[in-house]
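Trainee: Take a look at the letters that make up each chain.
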Amino acid sequence: MNNNSSLFQKEMVQVALKQSLMKLNPKTMFRNPVMFTVWVGTLVMLVVSLWTLAGAQGQGSFGYNFTVFIILLLTLLFANFAEAIAEARGKAQADSLRKTREETLARLKNGKTISSARLQKGDVFICEAGDIIPSDGEIIEGLATIDESAITGESAPVIREAGGDKSSVTGGTKVLSDKIVVKVTTQPGESFLDKMIALVEGAARQKTPNEIALTILLAGFTLVFIIVCVTLKPFADYANVGITIASFISLFVCLIPTTIGGLLSAIGIAGMDRALRANVITKSGKAVETAGDIDVLLLDKTGTITIGNRKATHFHPANGIDEKRLIKAAVLSSMADETPEGKSIIELAGINPLSYEVKNPQFIKFTAETRSSGIDYENIRIRKGATDAIKNLVTKSGNNFPKEVEERVKAISSNGGTPLVVSENEIALGVIELQDIIKPGIQERFERLRKMGIKTVMVTGDNPLTAKFIAEKAGVDDFIAEAKPEDKMNYIKKEQSEGRLVAMMGDGTNDAPALAQADVGVAMNSGTQAAKEAGNMVDLDNDPTKLIEVVEIGKQLLMTRGTLTTFSIANDVAKYFAIIPALFITAIPALQGLNIMNLHSPESAILSAVIFNAIIIPMLIPLALKGVAYKPIGASALLRRNLLIYGLGGVIIPFIGIKAIDMLISVFF
Amino acid sequence: MNTEILGIIVMFTLSILLAIPFGKYNAKVYGGEKTLLDPIFDPIERIFYKISGINPQSEMNWKQQMVAMITINMVWFLLGMVVLMNQGSLPLNPDKNPSMSADLAFNTVISFVVNCNLQHYSGESGLSYLGQYWLMFLQFVSAGTGMAAAVVLFRAFRDKAADTLGNFYNNFVKSCTRILLPISFVVAIILAFEGTPMTFEGKDTITTLQGDSVEVSRGPAAAFVPIKHVGTNGGGFFGVNSAHPFENPSYLSNMVEMVAQLIVPLAMIFAFGYFIRRRKLSWMIFGVMTVAFLMLTIPNINMEMNGNPTIATMGIDNSLGAMEGKEIRLGAAASGFWSVVTTVISTGSVNSMHDSSMALSGMNELLAMMINAFYGGVGVGLLNFFIFIILAVFISGLMVGRTPEFLGKKVEAREMKIAMIIALLHPFLILAGTALAAALPQYTADSLNNPGFHGLSEMLYEYTSSSANNGSGFEGLGDNTPWWNISTGFVLILSRFLPIIGPVAIAGLLAQKKFVPEGDGTLKTDTATFGLMVFAVIAIVAALAFFPVLALGPIAEYFSLY
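Chains R and C, in that order, give the protein sequences.
The numbering used here puts the first residue of the first sequence at 1, with every later residue one more than the last.
The numbering used here puts the first residue of the second sequence at 1, with every later residue one more than the last.
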């Protein structure tokens, strides 16, 4: 996976530079009302420059006008560059994913071999060990181990099989064993990745609702300043102050929110790009935005909160039984046990079962009737299993089931664990305690979520008692025990009816309705096609904790918009104090008192303001692309922090910047 | 401490102390709870409702309320035109004052209907007592209109989700009879005792100390003057408004009139908090408004008390302050204080001539009206402020990483569109109006009292005052010409009803939305931080847009003075 985070790679910059020129097309510019007005202003300045060259009087020198024109053009190019570089980065990221699915051959069921690019939806192809899967699809026959490292970076192979929730395969992944028959589920060019690339590339990019609202706000500000600048003409005439066209245009361009206007689409694209870097494919920009608003997070217990399956944590021998004897019995009984629980018992004991001398072993498999498994060798019979199954076995043969074992069993259950009782020749030796292992660091993540104001809900098939225990231990706010798919759905609906936004992650077909109902539904890439269609994001890593990252990406996106808007508007204070005195000083010397920055001359003041206005855009591109850091410190503290940095900073920085530029260029003007 | 300053502090503190319990009372009135005056007014109101076929209990959505508002305002406007254009031949005209010309009547009626009271006439010679009474009626109902509109906002945020937001007629009538009338009654009695005339007789003739005989206008002024302030109208009975010794006879009457104009706008802020059960939000709003108010008031008092340096250099004693255009019985400090109060809230009554204020005092008066949301007119001040809250919520909501919401309602594109239009309208009307006036000297140059920077200020003030529905004037302007009457008349209509409908529409749209419960990640709007944000939005959006024109007007005047 290419996670290169260097913001400006050479090739990308080249592409972006070319694109920023292409984007000067008025049709493209028109999509952004703020920058479009700058575009118009630039055109006017070009005409004025030529006019002064032809000898027009009273509009200042050609050099001055032409400089203003160049700076405005640069302003446009900088804004275009911001958008182009964001697009280039998103595309590069998507391309690197797409490379994994370059041209391969697909063997159709009817024996023909065609290029993967010609596969149509509904075609059926066959893959065997060693083949690269040519297209996204669903297994309709067979089972195979598959190496998905090309997509997920995870080296361990995964098992995919027909029917059930693990039937989906991704183009570009490699079959390691066995043979599968796969049905193509997408038209060429319509896979999620293709859709994502289209979203990034612009043509298909829709403005999100929040972007639309912000654009209205910015267009409103632009209109205010159109009014301010147009009406200034008669006021100036009344006061016998001559104002050049260059000054009018400069004043206007400086006052309208060009900084945020120029960076707005870059911020949106960068949000999707950041999601992609986290290996999440979003189906719309809106989904990322909504993620920032999530109030409730539904998380599956297994794999998200706890590490995979239960693990043995303790051996509790019965009274009078040596612990070593219990361990030996436990290890032997788990020798042939392929379940993760069985393996964990051997792991806990730390003894290689083969080190015991065992003659003619016979392994007893777990069945639903006996609810126990074990081993018979020589004349020893070892069993391990559910409490009542072993108890039955013990008491039937006339032995006593020890009281302390029974008590231990109860204690383990009420602690959220699962007890397994071990018997040897129908004598209870003791209890193995299995516990869910809560992922290290997950409590801190939930604490972080709580500070963000997000409620976490654990979904588990466990009984309420166990569920409650784990929920408390992991620090989730609520849980759904003995959960059936419809329980998830009902929970989501209930929260939504109270006005909250819900996010969930799922993989199975039976998760699909809930994924569709949730405001943000993240489907695992390993999940079924139905689940992937229903959700609005697909996680390539199949990592259940990904939701937390997605929420932060959404919040970052919104915050970046908000802070840069604040910064952009706050800049106006300094720009006013640079330009207004410059406009009037020549005619009304008394207004020198307003020139608090003590700028060199009217021309240098105006140029400094316009130059500052232009170069602040590329200076903020890294911030727009990376996003403003989100800190879960509560909304009020966050507002205070951002207001201090971007609000107060936005007032102060341009004073310093404009003064500095003025000192530099005062040599020329 | 200087007694002049002490007097101001007493006036201001008293207003706040009275406004808090009164706000609670207002909330009760609008909440439909029983109040003290119900036994008197309920039976009377029932008769009127029966005749007009209105059921005051039927619930209306925001659109129906706005239709009701426009309808009754239209009726008052038409009736007003009839009265003023025919007053010369109608009863109650002992001084034989003539009927108004069409353009003056248009301007006058509009300006009273919209709670502005821009007066391009002098009451002594321009109106009959019937005309005055009709205008007094309009001062009640225009104030009631603004308050009833604000109640739509109250209702929108009290219930978690609602389509209907109360009954406009009911809230309107209650605003007039339960809130405006009782206070006006009390104020009228105090004024009458202080010497304000209350008579239907015509001019009196007196002989001055010099032995000349002069005619003195009088009339039912004690009834008229209270609602001028209580309803933040500002339309004076006499031409020079509360600078007139009959309209504002003493320092005590000055105090009473000051408290009377502050009390309802302040009380509406607190009523909002009581009504929606978020008192902290009220304190945030009150805090922002008060800080801004003080930032305008303190410099004004200071500048007026320090006097004019040019006069000082002429060797004239300036120790009383800048006394040009001020009344000796009131003094420079109380006049400076009044000049900001009357412009901050949309009263527009004056006790000194604003045209003679110091340059930057004049700018502060202009700024107060340009923003028009620090306290503001009865009801409408809160609605104006609400627009700024929406803008601030939008930006700061994003800054905390959520799509913006206010009191549990998501603010989206539609609300932003309305908020932006309303925020734009005010600078547009002011700047475009003034620009036209400056660009067309053939219509305006003759009416200017001063050329140069101050002349621009005079024109700017006239449109600002109209657009803010304020009604005060830089009275150097000879404004009874068709140009001023008609152009300001249109500004008045546009700047009254759109800024009411806009916020009410936003409130109505938000009310229909699903309620999002507050969480730790939700932006709290009742904090000082958010208050600061609102203040910054107002300063940058509303005030800075006027910086260029202010630089050419009062600021240039200031720098050429010092």
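No lab work stands behind these hints, which were simulated from the structure alone.
In this text the structure is predicted, and so the values were computed from the model without any measurement.
The C-beta atom is built at its ideal place from N, Cα and C for all residues, glycine as well.
Please note: incorrect hints may appear among the correct ones.
Example chain R residues on the side facing chain C (calculated, C-beta under 7 Å, incomplete) [what the hints assert, rightly or not]:
no., residue
1, 309
2, 310
3, 313
4, 566
5, 633
DSBU-like cross-link-like pairs, simulated, lysine-lysine; straight-line CA separation at most 30 Å [as the list claims (entries may be wrong)]:
no., chain 1, residue 1, chain 2, residue 2
6, R, 27, R, 343
7, C, 524, R, 207
8, R, 455, C, 28
9, R, 451, C, 524
10, R, 451, C, 513
11, R, 455, C, 34
Trainee: Does each hint fit the structure? Answer for all of them.
Mentor: Going through the hints against the structure:
1. 309: Since the shortest Cβ distance to chain C is 34 Å, the answer is violated.
2. 310: violated (33 Å)
3. 313: violated (34 Å)
4. 566: holds (6 Å)
5. 633: This interface hint is violated because 10 Å lies over the 7 Å limit.
6. R:27 - R:343: violated (65 Å)
7. C:524 - R:207: Holds: residue 524 (chain C) and residue 207 (chain R) sit about 28 Å apart, inside 30 Å.
8. R:455 - C:28: violated (37 Å)
9. R:451 - C:524: holds (14 Å)
10. R:451 - C:513: Within the cut-off at roughly 26 Å; holds.
11. R:455 - C:34: violated (42 Å)
Hints 1, 2, 3, 5, 6, 8 and 11, counting from the list given before, are not met by this structure.
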